[in-house]
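**Q** Could you build the full structure based on these sequences and the hints that come with them?
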Amino acid sequence: MRPRPRPPVKGRGILSGTGIILAVLTGTVVALLIPIWSAVHRPAQDADLLSARTVATQYGPLSELDRDFITRVRLAGLWELPAGQQAEEKGTTDAVRTAGQHLVQGHTFLDQRVRDVAAKLGLDLPNEPSAQQKQWLATLDAARGEDYDREFAGTLRLADGKVLTLAAEVRAGTQNSLVRALADDAGSTVLDHIKVLEATGFVDFAALARDLAASGGPTATDSPAATGPMAGPGQVVPVTPSASPTYPLPPAESSPPPRTP
Numbered sequence: 001m002r003p004r005p006r007p008p009v010k011g012r013g014i015l016s017g018t019g020i021i022l023a024v025l026t027g028t029v030v031a032l033l034i035p036i037w038s039a040v041h042r043p044a045q046d047a048d049l050l051s052a053r054t055v056a057t058q059y060g061p062l063s064e065l066d067r068d069f070i071t072r073v074r075l076a077g078l079w080e081l082p083a084g085q086q087a088e089e090k091g092t093t094d095a096v097r098t099a100g101q102h103l104v105q106g107h108t109f110l111d112q113r114v115r116d117v118a119a120k121l122g123l124d125l126p127n128e129p130s131a132q133q134k135q136w137l138a139t140l141d142a143a144r145g146e147d148y149d150r151e152f153a154g155t156l157r158l159a160d161g162k163v164l165t166l167a168a169e170v171r172a173g174t175q176n177s178l179v180r181a182l183a184d185d186a187g188s189t190v191l192d193h194i195k196v197l198e199a200t201g202f203v204d205f206a207a208l209a210r211d212l213a214a215s216g217g218p219t220a221t222d223s224p225a226a227t228g229p230m231a232g233p234g235q236v237v238p239v240t241p242s243a244s245p246t247y248p249l250p251p252a253e254s255s256p257p258p259r260t261p
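Per my numbering, the sequence shown runs over residues 1 to 261.
Just so you know, not all the hints are guaranteed correct.
Unchecked claim - Below, in silico cross-link-like pairs of lysine-lysine (DSS-like), each with a Cα-Cα straight-line distance of 25 Å or less: (1) 90 - 120; (2) 120 - 195; (3) 195 - 162; (4) 195 - 90; (5) 134 - 162.
Honestly, the hints are just simulated from the structure, not real lab data.
**A** Okay, here's the thing in structure tokens:
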């Protein structure tokens with residue numbers, strides 16, 4: 001005779017279902033606890049990244065944008081000063097030659113200021129223009145006559161418009177007293193350059209608007225991190241504004257002179 005099947009044990013199905021539910025709940029709890037444990041025990045990457053971008057100095061926090069601005073002021077002088085010297089010699093009108101003189105005077109002043117600021121903040125500065133700036137200088141060097149005047153005024157006006165935008169952005173938001181003072185000096189100097197370039201009558205404002213729209217606003221570049229003494233926000237050293245030079249402007253032209261055939 002075949003053995004009779006054992007009757008099912010009461011409650012086994014219920015226990016099996018409960019076990020499944022408990023397993024699911026346990027897995028859910030583990031899944032929730034793992035991210036919390038990881039956040040507690042992993043390195044503070046976000047904090048490290050923030051401290052690498054904004055550092056404390058005795059003049060106030062120094063941001064990545066602040067460092068980029070300091071670098072750009074130096075780069076502007078490295079090509080605009082020789083461009084101004086060139087315009088003093090190659091310009092075909094008094095207005096163009098005067099614009100060149102303003103560039104030389106302004107960037108001589110700004111270069112001294114930016115090197116002083118960089119030294120106090122422990123920053124390295126570039127010693128030669130960027131590849132694009134070298135190309136601008138090469139284009140100006142090859143131009144002659146009125147073509148040179150137009151190229152000089154248009155290129156410098158486009159570049160200075162971007163520097164002015166960056167200086168205003170930095171001035172509005174920086175927490176560093178040295179950078180704030182440098183932004184004041186850069187803003188007033190570059191604004192003078194913009195005015196004197198426009199006074200040549202060779203700036204094509206329609207082309208300028210197209211170029212600015214195509215290139216966009218200033219963007220951050222890799223800049224050296226600050227080193228040197230550190231201090232908390234309560235120990236910020238105030239900076240007395242420097243006496244920025246002022247320059248007389250030549251009479252402005254009402255419109256660009258007609259192109260010669």
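**Q** Each of the hints needs a verdict: does it hold here or not?
**A** Tested hints:
1. Among the hinted pairs, residue 90 with residue 120 is inconsistent with the structure: their alpha-carbon atoms are about 38 Å apart, more than 25 Å.
2. Proximity of residue 120 to residue 195 is assessed by CA-CA distance (about 31 Å); at most 25 Å being required, the pair is judged violated.
3. With a CA separation close to 14 Å, the supplied pair residue 195 and residue 162 stays within the 25 Å bound.
4. Taken as a hint, the residue 195 and residue 90 pair is honoured in the structure, with Cα atoms around 20 Å apart against an allowance of 25 Å.
5. Simply put, residue 134 and residue 162 have alpha-carbon atoms about 17 Å apart, close enough for the 25 Å limit, and the pair holds.
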